[in-house]
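Respectively, the protein sequence lines represent chains A and B. Numbered by my numbering, the letters in the first sequence go through residues 1 to 591 in order. Numbered by my numbering, the letters in the second sequence go through residues 1 to 164 in order.
Treat the hints as calculated values from the structure; they're not laboratory data. Among the hints, a few may not be true.
[Unchecked claim] Heads up, simulated PhoX-like pairs for lysine-lysine below, C-alpha to C-alpha not over 20 Å straight-line:
1. A:Lys-408 with A:Lys-430
2. A:Lys-363 with A:Lys-255
3. B:Lys-139 with B:Lys-111
4. A:Lys-339 with B:Lys-62
5. A:Lys-339 with B:Lys-3
6. A:Lys-543 with A:Lys-390
7. A:Lys-534 with A:Lys-555
8. B:Lys-139 with B:Lys-116
9. B:Lys-66 with A:Lys-339
10. A:Lys-534 with A:Lys-460
11. B:Lys-2 with A:Lys-339
12. A:Lys-259 with A:Lys-363
[Stated by the list, open to error] Beta-carbon label-pair distances, calculated as ranges:
13. B:Gly-21 with A:Asp-403: 45 to 53 Å
14. B:Asp-79 with A:Thr-134: 46 to 54 Å
15. B:Ile-129 with A:Asp-312: 37 to 45 Å
16. A:Ile-232 with B:Ile-56: 26 to 34 Å
17. A:Thr-134 with B:Val-30: 31 to 39 Å
18. B:Gly-109 with A:Gln-142: 55 to 63 Å
19. A:Pro-205 with B:Arg-26: 30 to 38 Å
20. B:Arg-26 with A:Arg-511: 36 to 44 Å
21. A:Pro-214 with B:Gly-109: 52 to 60 Å
22. B:Arg-72 with A:Gly-554: 57 to 65 Å
Yeah, the Cβ is synthetic: ideal placement off N, Cα and C, and Gly gets one too.
Residues per chain, in single letters:
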Amino acid sequence: MKAKSKPSEKKSAAGAARGPERARQTRARAVPRNGAQTIIDFLESVGVEVIFGYPGGAVIPLYDALYDSKIKHVLARHEQGAIHAADGYARSTGKPGVVFATSGPGATNLVTGLATAHMDSVPVLAITGQVSTTSLGSDSFQEADIYGISIPITKYNYLVKDPRSLPGILAEAYRLTAYGRPGPVLIDVPKDIQTTLIDPGNLLPDSVPLRFEPTPTPDLRALEAMVEAISISQRPVLYLGGGATITNTGDDIVKLVEKADMAVVATLQAKGVFPDNHPLCLGLPGMHGSKYANLAISESDLILGLGVRFDDRVVGNVRRFAPLARVVHVDIDPAEIGKRLPVDVAVIGDLGEVLSLALKRLKDNRRPAWRERVADLRASFPMAIPVAGKEIRPQAAIKALSDRCGGKAILVTDVGQHQMWSAQYFEADKPRHFLSSGGLGTMGFGLPAAIGAQMANPGKLVCLVTGDGSFQMNVQELATVTQMGLPIKIMLINNGCLGMVRQWQQFFFNRRYSQTLFDYNPDFVELARVYGLKAERVESPGKVAGAVERLVGGKGAAFLEVRVPRDENVLPMIPAGMGQTDFFETEEGGN
Amino acid sequence: MKKILSIMVRNRPGVLSHVAGLVTRRGYNVESIAAGPTENNEITRINLVVSGDGPILEQVVKQFRKLVDVIRVDDLTNDEPVTGELALITVRAEGLRRAEALNVINLLGLKLSDIKEDSLTVLVAGTAINVDMAVNGLKPYGILAMARTGLVALSRPPAPSQGS
Ligand SMILES: Cc1ncc(C[n+]2csc(CCOP(=O)(O)OP(=O)(O)O)c2C)c(N)n1
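Required output: the full structure, derived from the provided sequences and hints.
This is the structure in structure tokens:
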């Protein structure tokens with residue numbers, strides 16, 4: 001995985017090529033290639049191995065060029081599936097995921113996927129077909145202004161109007177996806193640009209080229225202030241976010257924690273960077289965090305946020321968040337500093353660099369009293385799974401999956417209660433092994449993202465935990481699973497309802513379950529079988545372990561429906577906008 | 001509080017959509033926005049006057065710096081920048097009041113741009129204060145139409161004696 005996750009730094013578009021690429025580039029220089037071929041040549045040259053997509057009128061030339069390429073293509077069954085798959089590919093590797101879609105409806109079907117990737121800073125390159133430049137702006141067949149539509153949900157986007165600018169745009173766009181704070185980039189390519197021959201000797205140079213400046217080195221005074229804050233702190237809490245995953249700084253974080261005896265909380269995007277089973281790891285903070293994680297935050301005298309956004313689901317009430325603590329925030333994006341929460345010390349820079357500089361300056365500083373207090377909090381408020389009666393507890397099923405996987409799996413989740421239970425009970429000890437739509441909370445993300453993760457990690461165990469609501473939002477991608485022969489293991493937590501929304505209605509709307517209970521659901525086991533998966537259902541607690549064993553242990557794609565009661569809740573819960581100590585702990589929602 | 005920003009952007013197609021989109025998406029309070037070419041025709045200068053409290057204004061600057069097309073953002077507010085604004089004002093001017101209106105126009109040194117039987121159109125160029133003064137001076141006669149460009153601003157060039 002290490003080797004795979006390193007983007008092959010073969011060359012930039014303009015750079016020198018090796019082997020077959022060189023031959024191809026030489027040929028490209030000799031014989032002008034059209035726009036579509038130029039795109040495929042470029043993707044090959046930067047080492048793209050898989051493209052996810054769906055064809056249509058405006059990308060026929062692009063697909064025609066792909067026909068001759070060695071790049072694999074995953075034909076999704078919906079463009080939303082294709083882009084979530086590209087996203088899952090990127091999340092599991094750090095390499096940009098690439099997606100193709102046609103103009104109009106194909107492009108608009110990418111919207112949710114772009115927004116999902118944007119919110120979680122995932123590098124995705126989307127290439128859409130567009131009507132020809134000659135008919136742009138005239139409401140022609142399958143014309144949609146995806147450039148305009150995608151401005152607020154991409155890191156950057158392009159509408160190619162001159163074929164001579166295409167090579168430059170491709171190189172810049174691809175680089176932008178992963179540069180600095182990663183994100184999705186879209187290139188809209190009109191059909192005539194795809195078919196026009198591009199003379200490599202006659203390109204349109206960019207008069208004010210984008211400069212990819214290296215991340216500025218962190219300000220030393222700020223760094224000293226951070227080290228000082230850590231040194232004098234007695235009850236430090238490390239708050240890890242997606243930035244820690246992106247920069248792959250797990251080893252240094254472990255060193256920091258062990259040097260300074262810090263308690264660790266990690267958001268969904270950081271789960272696994274610091275091992276879940278470490279005694280100082282308190283897991284998820286915030287709304288559905290453990291009581292011990294949130295109490296540690298409220299008792300702490302230092303919050304050290306690394307690559308985090310201080311998201312409202314974590315912070316709750318800004319004025320009541322960590323009232324005793326100084327806040328130190330490290331991020332590569334200056335705009336994140338002070339966006340929601342005022343901070344005492346801000347260090348702007350690459351997290352890897354900041355950590356290694358800080359580690360050099362930081363003296364060993366043991367805090368036995370704080371360690372003890374953390375252990376105490378853990379012991380006093382354990383994340384206990386309610387005892388099983390006749391029915392299966394969803395938490396227990398997810399725990400059983402976690403036990404069976406033993407830290408080897410990439411776990412992908414959908415969105416809802418099962419997602420939070422997965423965050424709480426599925427153990428991850430490596431980064432990029434827990435993939436979940438955190439910022440946007442996109443139901444339907446799971447199955448296609450698992451496809452992307454499995455494509456990127458062919459030898460690896462990839463599991464999906466989904467809900468009966470979420471699963472049906474992109475269920476068509478089961479066809480893709482079977483077509484590609486992907487051995488994904490799917491656990492469906494079937495509670496017969498939109499559990500997370502139902503829970504809010506129970507707690508905050510007097511149990512008025514408006515439109516959250518499914519009066520009808522398909523027979524999921526039959527459904528999975530129809531799509532060619534091995535499938536079974538489990539309904540009694542005693543049979544869970546065996547069923548999980550068959551799910552994970554067997555060959556090929558498999559599906560397990562776990563029947564659970566409707567009224568299980570994700571606990572503890574801090575209602576939106578409340579303080580870290582305002583827990584709902586009981587089924588009644590009171591405390 | 002108010003900030004006067006000078007934002008230099010790459011003159012790419014769609015750059016104004018990115019800028020305008022950022023303003024609406026994040027709900028910033030923009031009092032005026034003026035965009036036009038600079039000495040380098042590949043670069044556009046956008047002058048933006050935004051209002052809001054301190055932290056919001058700080059966010060505005062950071063968010064603009066994040067836009068890929070933005071080359072640099074300068075906060076001119078505390079620089080005593082050189083500023084200017086242009087406005088066209090059509091004022092009612094009938095009968096006896098016509099002479100009075102003309103009087104005000106002369107007094108303020110405004111340029112007549114169009115003369116109709118019952119109205120006069122003047123061009124105001126100057127600082128925002130000059131434009132406000134013209135608007136206030138002509139208001140009593142009835143302003144029929146007005147177009148203001150919004151503030152453009154440049155930081156003052158450094159005094160030559162400071163150079164080394
Ligand atoms: C696309 C989308 N639509 C609506 C929602 C709002 N929503 C959040 S959780 C949830 C329920 C999810 O139900 P299910 O997938 O069955 O999971 P459960 O909560 O029951 O575990 C809904 C409707 C959402 N997050 N995403």
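Next pair to validate is A:Lys-363 with A:Lys-255; report whether the Cα-Cα distance is within 20 Å. Given that 20 Å is the threshold and the Cα spacing comes to 12 Å, the pair holds.
Can the suggested window of 31 to 39 Å be confirmed for the beta-carbon pair A:Thr-134 and B:Val-30? holds (36 Å)
Could you see if the CB distance from B:Arg-72 to A:Gly-554 stays within 57 to 65 Å? holds (59 Å)
Satisfaction of the hinted span 26 to 34 Å by the C-beta atoms belonging to A:Ile-232 and B:Ile-56: Given a distance of about 32 Å, which is inside 26 to 34 Å, the answer is holds.
Between the alpha carbons of A:Lys-534 and A:Lys-555, is the straight-line distance 20 Å or under? Judged against 20 Å, a Cα distance of about 9 Å means the pair holds.
Pairwise hint evaluation, A:Lys-339 against B:Lys-66, where the allowed Cα distance is 20 Å at most: Satisfied, since the Cα-Cα distance of roughly 14 Å is no more than 20 Å.
So if I understand the rule, the pair passes when the alpha-carbon distance is 20 Å or less; does A:Lys-408 with A:Lys-430 pass? Status holds; Cα separation ~9 Å.
Quick one, are A:Lys-543 and A:Lys-390 close enough, alpha carbons at most 20 Å? Judged against 20 Å, a Cα distance of about 11 Å means the pair holds.
Decide if the proposed pair is consistent with the structure: B:Lys-139 and B:Lys-111, CA atoms, cutoff 20 Å inclusive. At roughly 17 Å apart (the allowed maximum being 20 Å), B:Lys-111 and B:Lys-139 satisfy the hint.
Quickly compare the C-alpha distance for A:Lys-259 and A:Lys-363 to 20 Å and report which way the hint goes. holds (7 Å)
Measure nothing beyond the straight line between the CA atoms of B:Lys-2 and A:Lys-339; if it is 20 Å or shorter, mark the hint as holding. holds (19 Å)
Go ahead and decide if the range 45 to 53 Å is satisfied by the Cβ distance of B:Gly-21 to A:Asp-403. Given range 45 to 53 Å: holds, Cβ gap about 48 Å.
Figure legend: structure checked against the earlier numbered hints; every hint is met.
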